[in-house]
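Q: Make one complex out of these two single chains by using the hints.
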Amino acid sequence: MKSFTYERVHTPAEAAAAAARMPGSKFLAGGTNLLDLMKLQIETPVHLIDIGKLELNKIEHTLTGGLRIGALLSNTDLAADLSVRRDYQILARALLAGASGQLRNKATTAGNLLQRTRCPYFYDTNQPCNKRVPGSGCAAITGFSRQLAVIGSSNACIATHPSDMAVAMMALDAVIETINPKGKVRLIPIADFYRLPGKTPHIETVLEKNELITSVVLPPPSGGMHFYHKVRDRSSYAFALVSVGAILHKDGSGQIAVGGVAAKPWRNKSIEKVVPLGAKAFTEKLFAKARPTQENAFKIQLVERALEGILKEGRS
Amino acid sequence: MKDSKKLILTRREMIVGTATAVTVSLGAGTIEKVESLTINSADIVPSATINFNVNGKAQQLNLDTRTTLLDSLREHLQLTGTKKGCDHGQCGACTVLVNGRRINSCLSLALQHEGDNIVTIEGLGTPDKLHPMQAAFVKHDGYQCGYCTPGQICSAVAVLQEIKAGIPSHVSEDLTLQPEFSNMEVRERMSGNICRCGAYSNIAEAMAEVNSHLS
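Order-wise, the sequence lines are chains Z and X. Counting in our numbering, the first sequence runs from 1 upward without gaps. Counting in our numbering, the second sequence runs from 1001 upward without gaps.
Looking at chain X on its own, in the form it has when it is part of the complex (with noise of 0.2 Å):
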């Protein structure tokens, strides 16, 4: 603690230093309560390191411990193919696939996935060597203005998985049986991916062909 300096705090903005464990806060405004205390500066934004696997390759970063999935892949990563939408895990633009399964990167911090293997839209294909389900996008017309469309496709390429793994859907109509694909089946699973430009059935002919591709 050779650079630890005197700070004066307000219990305002509460944070918590971790070497020290002590309860500590900053910033100006109405001043409720002044406490005196230790702390290192260089703990006022807490930070921790992160280890996880995005599109096969090893990523170290140290992060504000606020840093969500979907920010540390965009700003951090430049990996700016997963869009902000909603922010709130509302509109599915963030889909990405984490071990395999797809969820909103936005509702999740990155420092959750320490050791995960995550695959963007950048690491389904390249514009050279297109995805199955980026070229049927293409050829289907699966999206107007394209700002849906990665998290989509994430979301396209994990349903059809979830169908073939015998995952259940709201409209599976007897559970005990293997899950078939079917427009309507494709129509409950993405519904948490919304495309305000209405592209949806052109979406659901992409992963039908995809899909018969497949079987």
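In isolation and in its complexed conformation, chain Z is listed as follows (with noise of 0.2 Å):
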């Protein structure tokens, strides 16, 4: 690991404006990821700034009967909410189908939305990886793609996002709360908060430099049947092949995400009203403009049976 200076702050203020006074500092909050990252040298912050210890772990019911997640709230404690395990069970079944019961006591909100890929060329620090070095290349394009992306991705990258969490969070429409070195508040649909790679897959998100995350809110829930499908390679501890969180209401309609497909949970909810018509259908419309590699293609099959379990349940 790289030397690095380390501070504490107080407020989610405080921490924004220290990031901007120290550049080429991180925020640390669970570190899962981040020192994981910085083992490997993937990431060499010169400045780490711990917000850990903000007030920011609190669940909160909102004015319009929504839910204010805290951005330093542990995978843990939302997935045993109350409210989540009643109102929000696609959230519950995602949080739990991730990691490992270690990793969800010390992992938070904003750390699980920010983590970085898993594609082990990423990773191999020997190998060209646009996202870990831009311009470098990508090794993973021609390389074991059997893991990656299979649609959105880009001849620069075609690397996933790990998270189950966030494929919920698509889902259900959640929105990112962020607080910059100036003070100033912003709201970030999910559904604009990751990028996808075009030419600058080191580019993940539209958060600006310095800007923290403070909450993500859900909107009132939606009631219907919650399902969150995921497939791995092992039943437990293992990231997703592919995941499926879908909300099925009763006039046939649907809120479905899918994770370990993109560099984003996938979503596209102008073909929604194509659920009814199966999965065969829907599965066909949401990747029509998949590229799979030979590897991954299998990806899309997995993705129309896993959600046509979660259809055959829901009429169950």
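Wrong hints could be hidden among the right ones.
Here are the simulated lysine-lysine pairs, BS3-like style, with alpha carbons at most 25 Å apart [unchecked claim]:
| # | chain 1 | residue 1 | chain 2 | residue 2 |
| --- | --- | --- | --- | --- |
| 1 | Z | K39 | X | K1057 |
| 2 | Z | K2 | X | K1084 |
| 3 | X | K1129 | X | K1139 |
| 4 | Z | K26 | Z | K53 |
| 5 | Z | K58 | Z | K184 |
| 6 | Z | K2 | Z | K39 |
| 7 | Z | K26 | Z | K182 |
| 8 | Z | K53 | X | K1057 |
| 9 | Z | K312 | Z | K269 |
| 10 | X | K1164 | Z | K58 |
| 11 | X | K1139 | X | K1057 |
| 12 | Z | K58 | Z | K39 |
Quick list of the computed label-pair ranges, beta carbon to beta carbon [stated by the list, open to error]:
| # | chain 1 | residue 1 | chain 2 | residue 2 | range |
| --- | --- | --- | --- | --- | --- |
| 13 | X | D1141 | Z | E313 | 36 to 46 Å |
| 14 | Z | R234 | X | P1132 | 29 to 39 Å |
| 15 | X | Q1178 | Z | G65 | 20 to 30 Å |
| 16 | X | A1135 | Z | A238 | 25 to 35 Å |
| 17 | X | Q1059 | Z | R21 | 29 to 39 Å |
| 18 | X | Q1178 | Z | R118 | 28 to 38 Å |
| 19 | X | L1130 | Z | K280 | 51 to 61 Å |
| 20 | X | K1057 | Z | K2 | 26 to 36 Å |
| 21 | X | T1049 | Z | L196 | 41 to 51 Å |
| 22 | Z | S136 | X | N1183 | 41 to 51 Å |
Per the computed footprint, the stretches of chain X lying under chain Z, defined by three or more beta-carbons under 8 Å from a beta-carbon of chain Z, are [as the list claims (entries may be wrong)]:
| # | stretch |
| --- | --- |
| 23 | 1068-1082 |
| 24 | 1089-1096 |
| 25 | 1102-1110 |
| 26 | 1150-1164 |
| 27 | 1167-1177 |
| 28 | 1183-1189 |
No lab work stands behind these hints, which were simulated from the structure alone. Every residue gets a Cβ at the ideal spot worked out from N, C-alpha and C, and that includes glycine.
A: Put into structure tokens, the structure is as follows:
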């Protein structure tokens, strides 16, 4: 690990201001992803701003009947919250399908959204990777791509976003609340939060420099039946090959987001009207512009089958 | 800054001097750009002081900022019961309890734990007075080589508490109900602790026995 200086801050505004003051700094929350990457020198911040003890670890009901989730609430506490378990089961299910008990105790809501890809070429510092070293090339496109993206990818990057939680947040239309070094608050719908790789895969979100996530806001409960179906190589403590988060309503409509297929949780609201036509019709439309590799083309069929299972369960 | 001295610095390995907040760097190798800066030589490796409580005892340590909680326990407090397996949060050998919650101590900086209460395997029990989970692991042969065992035991103790506290898991059928102890729950909840000897079934039996005494 490269040397770094360290400071603790006491308010979100102080955190953002500290980051603006110290070029090359990073916020440290749970650290379960950042420290791992620092050990491998994939991340090399010169200064860490520890936000871990800020008062951003609460869940509050909003005036409109939704939930405001503090950026630093642990994944365990979010999944165990009674409102989440009752009204946002897709979120609890997604969280519990991710990582291990130890990691969920430490990992935070905002950190989960911002976790980096698990593409093996991003982790292997001997390989070119446009996300790790912009302009160095992509070893994954011609390499082992079984785990990697089938849609939204570019000639520069085919990495996937590894989060389960973010898939549920996408299906729920969550809104991300931030503060910048000038104290300005911004609301970003999650549909606009992640960027596709294009020519700049190292820029993963629309967050500006030194902007800090303070909370994630969920709209009022939408009702319906909630599902999160994760398909992986072992049944626990593994990243998804694909995952399908779905909220199915009585009128046959649905809110459906898919994980493990792109650089962001994949959702297309405009085709959700075809959900009643079945998994095949929906999946064909969702992946109309897919460009899978030979090794990962199976993911599209896997999504269809996972969704088919969900729709069956929803009908029964 | 009486002890300050002039250093020739490259941009290669950048660190930031805490007192002066100037950007400096160290090391030999190809010099891309040379900057002459003033820095207190004591700041070359940034360090900081941490106060926490380990196994009921208050501790104060001055550490390189990079020191993980795991290394602070093993290398600075000589509590070598906690093991370093993968050092990347993949194996669970480093599991300790922080404020009653199990975490991977390898993926946490010691500095993140100001004021925290940390319990390691040494704090759960002693050879003369084993924790019930330690005794059950011995009775049920919940290990072979023993390397993952301290992490397994810390995790197992926490799992029983998590079920009791009503924290659901991936295999809990109805999320709105209080979860109940079962072999499936144990297998899911213990998945963050890898045992290459494959003592899993015996670990599950040890946990079942401790759980039966709790209820």
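Q: Hints first: check each against the structure and report whether it holds.
A: Against the structure, the hints:
Between the alpha carbons of K39/Z and K1057/X the distance comes to roughly 29 Å, so the proposed pair goes past 25 Å and is violated. Taken as a hint, the K2/Z and K1084/X pair is honoured in the structure, with Cα atoms around 20 Å apart against an allowance of 25 Å. For the proposed pair K1129/X and K1139/X, the alpha carbon gap of about 15 Å is at most 25 Å, so the pair holds. At most 25 Å may separate the alpha-carbon atoms for a hinted pair to count; K26/Z and K53/Z meet this at roughly 15 Å.
Only pairs whose Cα atoms come within 25 Å are accepted, and K58/Z paired with K184/Z is accepted, the gap being roughly 21 Å. As the CA atoms of K2/Z and K39/Z are separated by approximately 8 Å, the hinted pair is consistent with the 25 Å bound. Annotation: proposed proximity of K26/Z to K182/Z holds, straight-line Cα distance about 17 Å (limit 25 Å). Restraint check for K53/Z and K1057/X: the C-alpha separation of about 22 Å stays at or below 25 Å, so the hint holds.
About 21 Å separates the Cα atoms of K312/Z and K269/Z, which keeps this hinted pair within 25 Å; it holds. Of the supplied pair hints, the one linking K1164/X and K58/Z holds, its CA atoms being roughly 22 Å apart against a limit of 25 Å. For the suggested pair K1139/X and K1057/X, the alpha carbons sit about 30 Å apart, so the restraint of at most 25 Å is broken. Annotation: proposed proximity of K58/Z to K39/Z is violated, straight-line Cα distance about 30 Å (limit 25 Å).
Evaluation of the 36 to 46 Å hint for D1141/X and E313/Z yields a pass: the beta carbon distance comes to about 40 Å. A hinted range of 29 to 39 Å for the beta carbons of R234/Z and P1132/X is consistent with their spacing of about 30 Å. A hinted range of 20 to 30 Å holds for the C-beta pair Q1178/X and G65/Z, which are about 26 Å apart. In this structure the supplied range 25 to 35 Å holds for A1135/X paired with A238/Z, their Cβ-Cβ distance being about 33 Å.
Under the hint 29 to 39 Å, the C-beta atoms of Q1059/X and R21/Z, about 31 Å apart, fit the expected range. For the pair Q1178/X and R118/Z, the beta carbons lie near 34 Å from each other, so the given range of 28 to 38 Å is met. In this structure, L1130/X and K280/Z meet the distance hint of 51 to 61 Å, their C-beta atoms being roughly 58 Å apart. A hinted range of 26 to 36 Å for the beta carbons of K1057/X and K2/Z is consistent with their spacing of about 32 Å.
A beta carbon spacing of about 44 Å between T1049/X and L196/Z agrees with the range 41 to 51 Å that was offered as a hint. As the Cβ distance of S136/Z to N1183/X is approximately 48 Å, the hint placing it in 41 to 51 Å holds. Only residues whose C-beta sits within less than 8 Å of a C-beta in chain Z count toward coverage, and the stretch 1068-1082 of chain X has 1 of them, not enough to reach three; the restraint is violated. Only residues whose C-beta sits within less than 8 Å of a C-beta in chain Z count toward coverage, and the stretch 1089-1096 of chain X has 3 of them, enough to reach three; the restraint holds.
Coverage of the stretch 1102-1110 of chain X by chain Z holds in this model, with 6 residues showing a Cβ closer than 8 Å to a Cβ of that chain against a need of three. Judged by the Cβ-Cβ criterion of 8 Å, the stretch 1150-1164 of chain X is covered by chain Z as claimed, because 4 of its residues qualify and three suffice. Here's how the stretch 1167-1177 of chain X fares: 7 of its residues keep a CB closer than 8 Å to some CB of chain Z, so the rule of at least three is met and the hint holds. Restraint check on the stretch 1183-1189 of chain X versus chain Z: 3 residues with Cβ-Cβ distances below 8 Å, three needed, restraint holds.
In this structure, the earlier hints numbered 1, 11, 12 and 23 are contradicted, and the remaining ones agree with it.
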